[in-house]
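This is what each chain is made of:
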Amino acid sequence: MSESQDAWRPGEQLRKLREEANISLDSIAKETLIPFNKLQCLEADEYSKIGKPVFVIAYIRKYAKSLGINSDPFVEQLKLHTGVENSEVGIAVDARETTKRFKAPKIPALVLIPALILLWLLSAWFLKDEPEDVLPVSAPSPAETVVDRPAAEAESGTSKAPTNPDIDQPAAPESTDSPLSEFSEPEIVEEQEVEEQEDSVEAYIDEPAETTTSVGEGDDILVISFFEECWVEVKDANGAVIFAQLQNAGDNLRLSGEAPFNVMLGNARGVDLLVNGRRISTEPPAGRRTLKFDVGP
Amino acid sequence: MLFKRLKGLFSNDLSIDLGTANTLIYVRDRGIVLNEPSVVAIRNHNGQKSVEAVGHAAKRMLGRTPGSITAIRPLKDGVIADFQVTEKMLQHFIKKVHENSWFQPSPRVLVCVPCLSTEVEKRAIRESAIGAGAREVGLIEEPMAAAIGAGLNVDEAAGSMVVDIGGGTTEIAIISLNGVVLSDSVRIGGDRFDEAIVNYVRRKYGSVIGEATAERIKKEIGCAYAGSEVLEIDVRGRNLAEGVPRSFTLNSDEVLEALQEPLSGVVQAIKSTLEQSPPELASDIAESGLVLTGGGALLRDLDRLLTEETGLPVLVAEDPLTCVARGGGMAMEMEESKRIALSF
Chain C
1 MSESQDAWRP
11 GEQLRKLREE
21 ANISLDSIAK
31 ETLIPFNKLQ
41 CLEADEYSKI
51 GKPVFVIAYI
61 RKYAKSLGIN
71 SDPFVEQLKL
81 HTGVENSEVG
91 IAVDARETTK
101 RFKAPKIPAL
111 VLIPALILLW
121 LLSAWFLKDE
131 PEDVLPVSAP
141 SPAETVVDRP
151 AAEAESGTSK
161 APTNPDIDQP
171 AAPESTDSPL
181 SEFSEPEIVE
191 EQEVEEQEDS
201 VEAYIDEPAE
211 TTTSVGEGDD
221 ILVISFFEEC
231 WVEVKDANGA
241 VIFAQLQNAG
251 DNLRLSGEAP
261 FNVMLGNARG
271 VDLLVNGRRI
281 STEPPAGRRT
291 LKFDVGP
Chain Z
1 MLFKRLKGLF
11 SNDLSIDLGT
21 ANTLIYVRDR
31 GIVLNEPSVV
41 AIRNHNGQKS
51 VEAVGHAAKR
61 MLGRTPGSIT
71 AIRPLKDGVI
81 ADFQVTEKML
91 QHFIKKVHEN
101 SWFQPSPRVL
111 VCVPCLSTEV
121 EKRAIRESAI
131 GAGAREVGLI
141 EEPMAAAIGA
151 GLNVDEAAGS
161 MVVDIGGGTT
171 EIAIISLNGV
181 VLSDSVRIGG
191 DRFDEAIVNY
201 VRRKYGSVIG
211 EATAERIKKE
221 IGCAYAGSEV
231 LEIDVRGRNL
241 AEGVPRSFTL
251 NSDEVLEALQ
261 EPLSGVVQAI
271 KSTLEQSPPE
281 LASDIAESGL
291 VLTGGGALLR
301 DLDRLLTEET
311 GLPVLVAEDP
321 LTCVARGGGM
331 AMEMEESKRI
341 ALSF
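Protein chains in written order, with the working numbering: chain C, 1 to 297; chain Z, 1 to 344.
If you are wondering where the hints come from, they were derived from the structure by calculation, not from laboratory data.
These numbers come from a predicted model, not from an experiment.
Glycine included, every Cβ here is placed at the ideal spot set by N, Cα and C.
Do not take every clue at face value.
Taking lysine to aspartate or glutamate and the EDC-like style, the derived pairs with C-alpha atoms no more than 20 Å apart in a straight line are [said to hold, decoys possible]: (1) C/Lys-65 - Z/Glu-229; (2) C/Lys-49 - Z/Glu-308; (3) C/Lys-30 - Z/Asp-301; (4) C/Lys-30 - Z/Glu-308; (5) C/Lys-49 - Z/Asp-155; (6) C/Lys-79 - Z/Asp-319; (7) C/Lys-49 - Z/Glu-156; (8) C/Lys-52 - Z/Asp-155; (9) C/Lys-52 - Z/Glu-156; (10) C/Lys-65 - Z/Glu-220; (11) Z/Lys-219 - Z/Glu-261; (12) C/Lys-65 - Z/Glu-309; (13) C/Lys-52 - Z/Glu-287.
Partial list, derived from the structure: chain C residues whose beta carbon lies under 10 Å from chain Z [claimed, not checked]: (14) Glu-31; (15) Thr-32; (16) Leu-33; (17) Lys-52; (18) Ile-57; (19) Tyr-59; (20) Arg-61; (21) Lys-62; (22) Lys-65; (23) Leu-67; (24) Val-75; (25) Val-241.
Here are the computed distance ranges between Cβ atoms for each label pair [unchecked claim]: (26) Z/Pro-279 - C/Lys-49: 19 to 29 Å; (27) C/Asn-70 - Z/Gly-47: 54 to 64 Å; (28) Z/Glu-136 - C/Gly-250: 51 to 61 Å; (29) C/Val-111 - Z/Arg-236: 53 to 63 Å; (30) Z/Gln-268 - C/Ser-48: 33 to 43 Å; (31) Z/Lys-96 - C/Asp-72: 28 to 38 Å; (32) Z/Glu-156 - C/Gly-287: 53 to 63 Å; (33) Z/Ala-157 - C/Leu-116: 45 to 55 Å; (34) Z/Lys-49 - C/Leu-116: 32 to 42 Å; (35) Z/Ala-57 - C/Asp-72: 24 to 34 Å; (36) Z/Ser-264 - C/Val-111: 56 to 66 Å; (37) Z/Glu-136 - C/Lys-49: 34 to 44 Å; (38) Z/Gln-268 - C/Leu-80: 50 to 60 Å; (39) Z/Ser-50 - C/Leu-80: 47 to 57 Å.
Can you make the complete structure from the sequences, with help from the hints?
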């Protein structure tokens with residue numbers, strides 16, 4: 001410790017002032033009732049032997065007062081002195097300084113609010129792609145696309161799908177010459193069934209009915225076979241929803257319209273998809289079940 | 001509830017010294033941020049009451065209000081005397097310390113209460129703080145908070161004695177191992193000192209002075225020990241006989257004479273607590289001394305009087321006015337590190 005620091009030690013200074021005033025330490029102890037040994041420690045500037053800082057400061061104040069001098073400079077010096085040698089006495093005078101050690105980081109509102117909004121937007125965007133959470137908003141009424149319907153039922157005309165009078169019945173044989181005849185799944189689509197399916201699609205889907213009827217005019221054909229339950233939504237090149245419904249395993253769906261189609265599948269691994277007879281891979285990305293894609297003619 | 005928690009993100013933990021004379025608020029990481037008189041001015045307009053001013057502004061109105069405005073001190077003897085006004089006052093103060101906040105604050109609040117408060121009084125304080133917007137309210141005994149704020153060794157197996165002389169009450173406690181071993185509370189404080197001065201002046205000079213003047217006399221020349229330096233002050237009051245304002249000079253010996261009665265009450269309470277203290281703790285106190293906190297500790301030479309009366313070293317804590325509020329804040333931090341249990 002340097003000489004200048006020694007000169008400013010409060011205990012040492014108080015001792016010098018006491019000796020100059022010719023007052024014994026014993027008389028100060030009697031007046032202040034501070035234990036004699038603690039006064040000795042104070043004069044020796046051995047604060048750690050006195051106790052907590054509150055006592056050291058209070059003893060200095062009482063000691064100075066008994067000498068009839070202002071105690072403030074000594075207390076200030078003590079704070080300064082112990083600030084230099086904190087490890088010696090462990091004084092933390094101002095509670096505000098000690099509390100800084102416990103400072104817990106607070107998130108400012110300026111950061112938190114935009115972060116929450118961003119999180120909400122991201123989650124909204126993410127959930128939009130999840131078919132499980134998407135409700136079929138104004139989806140066209142589902143077509144009874146069950147191709148495996150009992151033939152007897154179809155023949156007896158008990159089908160729920162009414163026949164569209166706009167469609168010429170002889171058109172059916174012609175349709176065998178259309179691109180439909182090139183389908184690689186003749187075992188699924190039988191001629192009569194295709195007719196019924198066309199009828200039913202037209203009957204149950206209001207808007208796409210026109211698209212279906214234009215099959216014979218060379219529009220593009222989309223055929224989806226389902227071997228697992230799957231939600232499907234198909235839009236044509238104009239963005240109009242041709243079909244949107246949950247399909248069961250074993251169902252087959254044939255749609256016609258203007259390519260490119262925008263197809264969204266809820267369970268992409270559970271379907272087999274053909275566009276104009278061309279098989280399209282429906283393998284979703286790793287870890288996902290859904291697939292949304294555009295497919296051309 | 002969830003919204004309150006969300007709002008809590010934007011609020012700071014507060015320690016409130018809800019005193020009879022002054023209310024102090026300690027905010028974590030910021031220290032003492034509010035120190036205002038516990039006074040509310042109420043305007044009564046056609047039977048409808050509204051808050052006119054709170055704190056310093058309201059205190060300036062004390063004794064100077066027209067008929068339509070009433071300046072109220074909602075706390076008396078350390079406890080709530082007017083529940084609704086206390087709630088409004090707390091609401092104002094909590095808002096004031098959260099001025100920069102976007103949301104209405106919903107902080108965790110620790111309120112310091114007199115150690116002999118009844119359950120009804122404690123409940124009133126709790127509900128008042130909740131009504132003022134607090135998310136959670138905890139209570140801590142004032143002497144405990146004062147001891148922590150003064151920097152005493154409350155968590156050691158050693159006795160510490162603290163005397164907190166507030167505006168309405170004087171709290172005396174012996175503390176060891178983070179708990180109050182022995183405590184007493186007397187309804188004598190700064191207000192009683194002021195009242196004694198008012199009565200003395202009326203008796204001796206036949207003049208009436210207000211509470212604010214009495215407080216100024218106490219602060220400027222008041223003393224508690226007979227051998228202290230004699231100081232004087234010029235006072236103006238209304239002469240009772242003539243009915244006009246008259247000025248006269250009052251000295252510190254006269255103030256001491258006026259304060260004799262309340263001071264002897266404080267001394268008696270301290271002696272009584274010491275008599276009941278367990279011998280081991282009494283020995284610790286005799287060694288380390290008795291620590292004074294609260295505004296009353298600033299009364300000149302009160303430590304000398306108590307030293308003479310008790311035979312113990314009597315020490316005045318640094319910044320005694322803020323010890324309770326600071327101690328409450330430090331107690332909240334100690335609770336986080338599981339060093340003390342608070343009842344939230």
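Review point. Between C/Lys-49 and Z/Asp-155, is the straight-line Cα distance small enough, at 20 Å or below?
Key: 18 Å, holds
Review point. With a cut-off of 10 Å, does the beta carbon of C/Thr-32 approach a beta carbon of chain Z closely enough for the hint to hold?
Key: With a minimum Cβ separation of about 6 Å from chain Z (threshold 10 Å), the hint on C/Thr-32 holds.
Practice item. Return the status of the interface hint for C/Arg-61: holds when the least beta-carbon distance to chain Z is below 10 Å, violated otherwise. Key: 7 Å, holds
Review point. Is C/Lys-49 close enough to Z/Glu-308, meaning Cα to Cα at most 20 Å?
Key: With a Cα-Cα distance of about 26 Å, the restraint between C/Lys-49 and Z/Glu-308 is violated, given a limit of 20 Å.
Exercise for review: Using Cβ atoms only, decide whether C/Ile-57 comes closer than 10 Å to chain Z, and label the hint accordingly.
Suggested key: Hint on C/Ile-57: holds, closest Cβ of chain Z at ~6 Å, below 10 Å.
Point to revise | Status of the hint placing C/Tyr-59 at chain Z (closest C-beta pair under 10 Å) | key: 7 Å, holds
Exercise for review: Determine whether the Cβ-Cβ distance between Z/Gln-268 and C/Ser-48 falls within the hinted range of 33 to 43 Å.
Suggested key: Since Z/Gln-268 and C/Ser-48 have Cβ atoms about 37 Å apart, the given range 33 to 43 Å holds.
Practice item. Would you check the hint for C/Lys-52 and Z/Glu-156, treating anything up to 20 Å between C-alpha atoms as holding? Key: 12 Å, holds
Check your understanding: Regarding Z/Glu-136 and C/Gly-250, is the given constraint of 51 to 61 Å on their beta-carbon distance met?
Key -> 60 Å, holds
Review point. Is the hinted pair C/Lys-30 and Z/Asp-301 satisfied, with a Cα-Cα distance of at most 20 Å?
Key: 17 Å, holds
Review point. Is it true that the C-beta distance of Z/Gln-268 to C/Leu-80 lies inside 50 to 60 Å, as the hint says?
Key: 41 Å, violated
**Study point:** Given hint Z/Glu-308 paired with C/Lys-30 - CA-CA distance at most 20 Å
**Key:** 11 Å, holds
Going through the hint list in order, the structure does not satisfy hints 2, 23, 25 and 38.
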